[in-house]
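Novice: Given next are the chains, with one letter for each unit.
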Amino acid sequence: MLKFIGKRTVQNILVFIVFLTATFFLLQAQPGDITDQFLSNPKITPEVRQQFAERLGLTGTLWEQYVRYMKNFFTGNLGVSFSEYPKEVMDIIAERLPRTLALFLFATFLAFIVGFKSGKLLAWRRGKRGEHVITLTGVFFQTVFYPWFAVVMIWIFAFFLGWFPAGKFLTVDKWLTAERTFDANAVFDRMLLTVLAVAVLIIAAEIIGRRMNSRVAGRRFIWGTRVLTLIALVVWWEAVWPEMIPFALDIAYHLVLPTVTLSFVGFGGWMLLTRASMLETLREDYILTARAKGLPDKVVRDRHAARNALLPVTTSLVIGLAFLIGGGVVTETVFSWPGMGQTLLSAASQQDIPLTIGAFAFIAVLALIAHLVVDIMYMYLDPRIRVGG
Amino acid sequence: MEHILEVNDLTMHYTVKEGEVMAVDDVSFALGRGEALGLVGESGCGKTSVAMSLIRLLADNAEIQKGSIVLDGVDLVPLVEEEMRTHRWADISMVFQGAMNAWNPVYKVGDQIWEAMQTHFPLMTESEARERIAELFRLVGLNPAMMDRYPHEFSGGMRQRAIIAMALSCNPKVIIADEPTTALDVIVQDQILKELKKIQQELGMSIIYISHDVAVIAEVSDRIGVMYAGKLVELGPTDEVFPRPRHPYAYLLLASTPSVKGPRRKLAPLEGEPPNLLHPPAGCRFHPRCPFATEVCATDEPPYTEVDEGHIVACWNWEQVPELGRLEA
Numbered sequence: 578m579l580k581f582i583g584k585r586t587v588q589n590i591l592v593f594i595v596f597l598t599a600t601f602f603l604l605q606a607q608p609g610d611i612t613d614q615f616l617s618n619p620k621i622t623p624e625v626r627q628q629f630a631e632r633l634g635l636t637g638t639l640w641e642q643y644v645r646y647m648k649n650f651f652t653g654n655l656g657v658s659f660s661e662y663p664k665e666v667m668d669i670i671a672e673r674l675p676r677t678l679a680l681f682l683f684a685t686f687l688a689f690i691v692g693f694k695s696g697k698l699l700a701w702r703r704g705k706r707g708e709h710v711i712t713l714t715g716v717f718f719q720t721v722f723y724p725w726f727a728v729v730m731i732w733i734f735a736f737f738l739g740w741f742p743a744g745k746f747l748t749v750d751k752w753l754t755a756e757r758t759f760d761a762n763a764v765f766d767r768m769l770l771t772v773l774a775v776a777v778l779i780i781a782a783e784i785i786g787r788r789m790n791s792r793v794a795g796r797r798f799i800w801g802t803r804v805l806t807l808i809a810l811v812v813w814w815e816a817v818w819p820e821m822i823p824f825a826l827d828i829a830y831h832l833v834l835p836t837v838t839l840s841f842v843g844f845g846g847w848m849l850l851t852r853a854s855m856l857e858t859l860r861e862d863y864i865l866t867a868r869a870k871g872l873p874d875k876v877v878r879d880r881h882a883a884r885n886a887l888l889p890v891t892t893s894l895v896i897g898l899a900f901l902i903g904g905g906v907v908t909e910t911v912f913s914w915p916g917m918g919q920t921l922l923s924a925a926s927q928q929d930i931p932l933t934i935g936a937f938a939f940i941a942v943l944a945l946i947a948h949l950v951v952d953i954m955y956m957y958l959d960p961r962i963r964v965g966g
Numbered sequence: 361m362e363h364i365l366e367v368n369d370l371t372m373h374y375t376v377k378e379g380e381v382m383a384v385d386d387v388s389f390a391l392g393r394g395e396a397l398g399l400v401g402e403s404g405c406g407k408t409s410v411a412m413s414l415i416r417l418l419a420d421n422a423e424i425q426k427g428s429i430v431l432d433g434v435d436l437v438p439l440v441e442e443e444m445r446t447h448r449w450a451d452i453s454m455v456f457q458g459a460m461n462a463w464n465p466v467y468k469v470g471d472q473i474w475e476a477m478q479t480h481f482p483l484m485t486e487s488e489a490r491e492r493i494a495e496l497f498r499l500v501g502l503n504p505a506m507m508d509r510y511p512h513e514f515s516g517g518m519r520q521r522a523i524i525a526m527a528l529s530c531n532p533k534v535i536i537a538d539e540p541t542t543a544l545d546v547i548v549q550d551q552i553l554k555e556l557k558k559i560q561q562e563l564g565m566s567i568i569y570i571s572h573d574v575a576v577i578a579e580v581s582d583r584i585g586v587m588y589a590g591k592l593v594e595l596g597p598t599d600e601v602f603p604r605p606r607h608p609y610a611y612l613l614l615a616s617t618p619s620v621k622g623p624r625r626k627l628a629p630l631e632g633e634p635p636n637l638l639h640p641p642a643g644c645r646f647h648p649r650c651p652f653a654t655e656v657c658a659t660d661e662p663p664y665t666e667v668d669e670g671h672i673v674a675c676w677n678w679e680q681v682p683e684l685g686r687l688e689a
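Protein sequence lines correspond, in order, to chains A and B.
Every letter in the first sequence is one number past the one before it in my numbering, and letter 95, counting from 1, is 672.
Every letter in the second sequence is one number past the one before it in my numbering, and letter 59, counting from 1, is 419.
What the hints contain is simulated information worked out from the structure, not anything from laboratory work.
Be a bit skeptical, because a hint or two may be false.
Sample of chain B residues at the chain A side, in silico, Cβ under 7 angstroms [unchecked claim]:
#1 Ile-415
#2 Leu-417
#3 Ala-419
#4 Arg-445
#5 Arg-448
#6 Trp-449
#7 Met-454
#8 Ala-462
#9 Asn-464
#10 Pro-465
#11 Val-466
#12 Phe-514
#13 Ser-515
For each residue, glycine too, the CB sits at the ideal point set by N, CA and C.
Please work from the sequences and hints to get the whole structure.
Specialist: So this is what it looks like as structure tokens:
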């Protein structure tokens, strides 16, 4: 297991270097550089422009620039953003990456859970009432033109019904007028840490509960932990960060609509995939064995059919994650969500090379980590590929 | 002999777009306590449909139209699904064909056996179950340590042995062995059959063997039932039917199978295919392929005739059927 992770990590580092190199040269292949925007400014002479270019590290041969960049990158120096000068690229990413990560992890999680469960039921109840309507809904979400759908969602829920804000990360007035000693990132980071802690606790409880000898005791343990975790969460915030609660709720409120929209789009794919996978599994001999053993229908469905149907669905989780990260640009633009997608778009269009590469690099790291996680998950799910590694 | 299972006039149809497929038609037989009954016939003649009707695991488009399946005094046909569920495995279990996919690949073999026991004996503890599984593994010739392995770590023969262990796990009254050795090579096949027979005699199990392979059935069964096109055409003790079949189909089936142990005889081919059960031939369903067919065969269904004690045959011309090896080819 460790050997496998080690091997994959080395592979991933190599892939990452190739990716970084390709990104660097592709961006350099654009004509001109950021100093071109001063061309129309008569006060800036060519000499001054040259000075700018030198200070930004845009002089020298391409090869020299590449070697310099890679050296800096791997010593932890990602440079300074051109377009948001003089902010460090690292600081910009540290500020915006969590926002993107939160949005996409919540959305993927939600879409996966709902999609998997409904796909499972859809296959199990094949030929029953409502099947066509639900399948068609899935096909709609799977194929809908996403930017249009996002705008429609904003129109319905933000404009027409007025339930949610139309975009942005927080309510600006509320934050500006309030007396406070903290900024939005501090609140948001604490929210993410809370979610992470809750997730770890719940997953740990699930694993321990399933290993328990008696199923009833296991289920009680799992539910007990869930309830206790929620109580602990409320108590902790009330006790430690009481002044932040209204602001945290404000951010959470802004998170709802983009998360829901994004998960709707993902949900259709997961549901259709699970349905197909489950229909295939239901034809397997071991399903007949399970039924012949006199197991209750629910056990046959969940423990035998759905458990095996999960395998191909997990594989495509990788592809789904890649899509979600790419789709980030669209989502964040439509919802004015100040995350990595928006940063990437504006940096690239302004020829802000350090920030663009930095943003790409972190998206690549995320994608590679996601792959590794899914690989490990797959090993856990399928005993047949556990041996050998 | 006391009967553990009585099947009377069992009729099961599949409904397809084109109409009704009569997969099992008026089949009656009884299984004595501790007896091994073999059902033999070509593919598609309803053997597996009988098995699936007995344990009531039929496809959605299948329906038992009439008849009764009385297992130890309880008729299984009218039971609702939830009641039937409690009888499965606890009272009637199965050794499936194709040991390959009968195991769920993601769970340990021992856990899959325990699952069955847990369902039917909820009070059993894990250590009791492990002890019982170890005992069963020894009985079928497996190392008890294998219970903590996954199915893909078993060879084909080992999987089949483990399947037998699982079928025995809840002490069922009747076991149905549907092509128990078909997926295995001949040597392993022989070992498994001997093992099954030994276990059956040791435990006094009542078992129904189902196979297309006459040699397999002959080796393990006390009685043989020959099925053709959804009908039971001949039923009798193995040592009567095997050397001297009375139904033309049984005769041709045996005559087309070489016998290694018995006297050398001429092989006769069994030509044609079983009929499409959507539109079975009128009269005797075998008459289009039957060398002994007469006019009456095409119009009237033959009744059962008792040719000997406990040996029945459904044929108008059973007296014409010669001894094996005497047919002019």
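Novice: How about Phe-514/B: closest beta carbon in chain A under 7 angstroms, or not?
Specialist: Violated: closest Cβ of chain A sits about 12 angstroms from Phe-514/B, beyond 7 angstroms.
Novice: Double-check Ser-515/B for me: the hint is only fine if its C-beta lies closer than 7 angstroms to a C-beta in chain A.
Specialist: violated (15 angstroms)
Novice: Quick check on Asn-464/B please, does its C-beta sit within 7 angstroms of some C-beta on chain A?
Specialist: holds (4 angstroms)
Novice: Min Cβ distance, Ala-462/B to chain A: is it shorter than 7 angstroms?
Specialist: holds (5 angstroms)
Novice: Go through the hint on Leu-417/B and say holds or violated, using the shortest Cβ distance to chain A against 7 angstroms.
Specialist: Where the cut-off is 7 angstroms and the nearest Cβ of chain A is about 6 angstroms from Leu-417/B, the hint holds.
Novice: With a cut-off of 7 angstroms on the beta carbons, see whether Ile-415/B makes it to chain A.
Specialist: Holds - the Cβ of Ile-415/B comes within 7 angstroms of chain A, reaching about 6 angstroms at its closest.
Novice: Using 7 angstroms as the Cβ threshold, decide whether Met-454/B counts as touching chain A.
Specialist: holds (5 angstroms)
Novice: Are Pro-465/B and chain A close enough, Cβ to Cβ, to be under 7 angstroms, as the hint says?
Specialist: This interface hint holds because 6 angstroms falls under the 7 angstroms limit.
Novice: How about Arg-445/B: closest beta carbon in chain A under 7 angstroms, or not?
Specialist: Result: holds, 5 angstroms to nearest chain A Cβ.
Novice: At a threshold of 7 angstroms, is the proposed contact between Val-466/B and chain A supported by beta-carbon distances?
Specialist: Holds - the Cβ of Val-466/B comes within 7 angstroms of chain A, reaching about 6 angstroms at its closest.
Novice: Hint check: is the beta carbon of Ala-419/B less than 7 angstroms from a beta carbon of chain A?
Specialist: violated (10 angstroms)
Novice: Quick one, is the Trp-449/B hint okay against chain A at 7 angstroms, beta carbons?
Specialist: Check passed: Cβ of Trp-449/B comes within 5 angstroms of chain A, closer than 7 angstroms.
Of the hints listed earlier, those the structure fails to meet are numbers 3, 12 and 13, in rising order.
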